[in-house]
Amino acid sequence: MKILVITREFPPYVVGGLSYHLENLYSEVSKKGHNITVIAGRPRNVDPIDSIDIDPNIDVHWIDYPSMVAYHLQFPAFLYREIGNLSIDKYDIAVSHTELPFSLEIPTVYKFHDAKHEGRKYYRKTMGSLMKALETALQPTRSWAAQRSLDLADHLIFNSALTRKIWKREYTITSPSEVIHNGVDRDIFYPRDIENGEFVLFVGTIPRKGLGKVIDFAEKSPYPIYVAGDIKFNSDNLHSLGRLSQNQLAKYYSSAIATIHPAKFEAFGNVILESLACGTPVVVSEYCGAAEIVDDSCGRVTPNLLAGVEAVREIEQAPCVQKASKYSWENVANQTIGVFERTIA
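One gets my numbering by counting positions in the sequence shown from 1 and adding 1106 to each.
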């Protein structure tokens, strides 16, 4: 197939986890003999990360736009201006990872990685009054663009059943849809030959991911809690590790008793798969999409962090690694290709 991929970001211009997801996914799709062209947004205020290697078989066309602020309007507007020069009709299918309020005139799949309408209730709390007023003014345009993309889609992919549920609660969805969970890079995340530490690991620095619950847990936890992220604490039982590379993070995963992720809302939660791939069990809230892959063989889904950690501390590496092995990027690519084939059949 000739596949056209559309996204607001792509390596090396990394804004968030979406870039890594796309590079991993479409490298695997390309390996299976499919022709991949990516039309990617390049925010002018984002610097490239030189350490990321892009598959040379992926053809990337850049669309420059000012910034990620109101990207749901900026990126589609700049894309629409250029799209007439791109001969889209030569592709078998398009897959967009950003909502577009206009038709691409070929079979189109949309993949949803988050739910901004759910997340906004948390990030609004961190805004000043001016930014909050701007966000309030922009929200109707975000809702309009989202509903238009849903109406124009031939097929939808969500990264968790939780994400799909939240989108269905807010919007009218008539197109067929399915869930394809994220994958994990097992060339990076695997059990390291490292001494086991008597600590619990949390990855993140924002309230939506459960930082407040982690701080509360630290007051009664018999284990020190290491936090991967650049943040300062007043508690003797909380230790900030600063920003870590993926290889550094894999070592901490491998050494921890458990990884905790008491998210208030997380569309998926890659930290769950990363920890399992490193052989470490997880304790996760039910409001995290990745909780859907967790069973008693590799972790617990519970709001009680202390009980959860005590329940999983004797879990061995093998069942955790075995669970993660089901979510290789090759498997994700195969499922995704299946959706494309059914869409154009």
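A couple of the hints might just be wrong.
[As the list claims (entries may be wrong)] Cut-off 16 Å, straight-line C-alpha distance, at most; resulting in silico cross-link-like pairs (EDC-like, lysine to aspartate or glutamate):
| # | residue 1 | residue 2 |
| --- | --- | --- |
| 1 | K1432 | E1398 |
| 2 | K1196 | D1161 |
| 3 | K1271 | E1392 |
| 4 | K1138 | E1392 |
| 5 | K1227 | E1276 |
| 6 | K1319 | E1392 |
| 7 | K1196 | D1220 |
| 8 | K1274 | E1284 |
| 9 | K1370 | E1392 |
| 10 | K1432 | D1401 |
| 11 | K1137 | D1165 |
| 12 | K1357 | E1284 |
| 13 | K1137 | E1436 |
| 14 | K1138 | D1161 |
None of these hints come from the bench; they were simulated from the model. Remember, it's a predicted structure, so these values are computed and weren't measured experimentally.
**Straight-line alpha-carbon gap K1137 to E1436, limit 16 Å** = holds, 9 Å
**Prompt:** Are K1271 and E1392 close enough, with their CA atoms no more than 16 Å apart?
**Reply:** It holds: about 13 Å lies between the C-alpha atoms, which stays within 16 Å.
**Asked** Between K1432 and D1401, is the straight-line Cα distance small enough, at 16 Å or below?
**Response** holds, 14 Å
**Asked** Holds or violated: K1319 with E1392, Cα cutoff 16 Å?
**Response** holds, 14 Å
**Asked** Are the Cα atoms of K1196 and D1161 separated by 16 Å or less?
**Response** violated, 22 Å
**Asked** Within 16 Å, alpha carbon to alpha carbon, are K1138 and D1161?
**Response** Roughly 13 Å between the alpha carbons, so the hint for K1138 and D1161 holds.
**Message:** Just to be careful, I want the Cα atoms of K1137 and D1165 compared with a cutoff of 16 Å; is the pair within it?
**Reply:** Given that 16 Å is the threshold and the Cα spacing comes to 14 Å, the pair holds.
**Prompt:** Are K1274 and E1284 close enough, with their CA atoms no more than 16 Å apart?
**Reply:** Distance of about 12 Å is within 16 Å: holds.
**Request:** For the pair supplied as a hint, K1196 and D1220, confirm whether the alpha-carbon distance does not exceed 16 Å.
**Result:** It is violated: about 30 Å lies between the C-alpha atoms, which goes past 16 Å.
**Message:** Check whether the Cα positions of K1370 and E1392 lie no farther apart than 16 Å.
**Reply:** holds, 9 Å
**Prompt:** Is the straight-line distance between the alpha-carbon of K1227 and that of E1276 16 Å or less?
**Reply:** holds, 14 Å
**Prompt:** Does the alpha-carbon distance linking K1357 and E1284 stay inside the 16 Å limit?
**Reply:** Judged against 16 Å, a Cα distance of about 34 Å means the pair is violated.
Violated hints, in rising order: 2, 4, 7, 12; the structure is consistent with all others.
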